[in-house]
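J.: What follows is the residue order along each chain.
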Amino acid sequence: DQQVKQNSPSLSVQEGRISILNCDYTNSMFDYFLWYKKYPAEGPTFLISISSIKDKNEDGRFTVFLNKSAKHLSLHIVPSQPGDSAVYFCAAYFGNEKLTFGTGTRLTIIP
Amino acid sequence: DSGVTQTPKHLITATGQRVTLRCSPRSGDLSVYWYQQSLDQGLQFLIQYYNGEERAKGNILERFSAQQFPDLHSELNLSSLELGDSALYFCASSTTGTGSDTQYFGPGTRLTVL
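Protein chains in written order, with our numbering: chain Z, 80 to 190; chain A, 54 to 167.
In short, the hints are calculated from the structure, not lab data. Wrong hints could be hidden among the right ones.
To be verified - Straight-line Cα separation of at most 30 angstroms, DSS-like style, residue types lysine-lysine; simulated pairs: (1) Z:Lys84 with A:Lys110; (2) Z:Lys135 with Z:Lys147; (3) Z:Lys147 with A:Lys110; (4) Z:Lys133 with Z:Lys150; (5) Z:Lys150 with A:Lys62; (6) Z:Lys84 with Z:Lys135; (7) A:Lys110 with Z:Lys150; (8) Z:Lys135 with Z:Lys150.
Claimed, not checked - Just a sample of chain A residues kept apart from chain Z, beta carbon distances all over 12 angstroms, derived: (9) Gln59; (10) Ile65; (11) Arg71; (12) Glu106; (13) Glu128; (14) Asn130; (15) Ser132; (16) Ser133; (17) Ser139; (18) Gly150.
Stated by the list, open to error - To give an idea of the chain Z side of the interface with chain A (calculated C-beta under 8 angstroms), a few residues: (19) Glu121; (20) Gly122; (21) Pro123; (22) Thr124; (23) Phe125; (24) Pro161; (25) Asp163; (26) Phe168; (27) Tyr172; (28) Gly174; (29) Asn175; (30) Lys177; (31) Phe180; (32) Gly181; (33) Thr182.
Heads up, the beta-carbon is just placed ideally off N, CA and C, and yes, glycines get one too.
Assemble the whole structure, with the sequences as input and the hints as a guide.
T.: In structure tokens form, the structure reads like this:
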């Protein structure tokens with residue numbers, strides 16, 4: 080049972096435009112959400128997170144939006160840069176339970 | 054560089070064999086996590102240790118075992134290997150091992166079972 084879903088395996092965006100990566104979850108107990116970024120031959124690195132008491136969190140070019148009623152979160156990257164090309168994983172947890180990861184979306188920024 | 058090291062980088066072995074993957078956490082981190090990433094799959098949580106004790110268990114097969122040593126490094130042992138065990142195995146570490154703690158990932162060990 081995939082509790083965290085990233086339905087788009089890949090996404091291509093022109094450099095300078097906005098990249099929007101989506102993630103849906105089924106477990107309403109989740110109260111903390113994270114995005115990780117992964118380059119080839121490296122482990123995932125933490126990018127940005129959001130608590131369920133918020134609906135938006137911003138860090139530079141990266142903004143995460145949370146819609147609890149829709150059980151949906153999204154990561155916006157503006158403007159997109161070539162170095163943003165990577166696989167992005169969303170993850171969620173509640174309490175001290177394990178992190179549950181989505182299957183990832185491969186983002187390609189086209190120069 | 055996350056500060057988490059994993060060895061070896063690559064491992065090729067045959068079905069039925071046993072292998073050991075090693076992880077050294079970031080300096081000061083007490084908790085270690087192991088994840089498996091198979092083709093087109095997300096990271097599947099296997100097991101977590103905190104200061105030498107098992108803290109949480111995920112979808113870890115009985116053929117797999119792990120431990121965390123007094124110096125806080127960890128080993129993941131995979132035995133009676135099957136073709137389906139071919140995957141990337143990641144280790145992560147965090148300071149307190151609680152849910153809100155950021156996990157720092159190592160570069161992974163790619164296991165190929167032939």
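J.: Of the hints stated earlier, which fail here?
T.: Failing hints, ascending: 5, 9, 18, 24 and 25.
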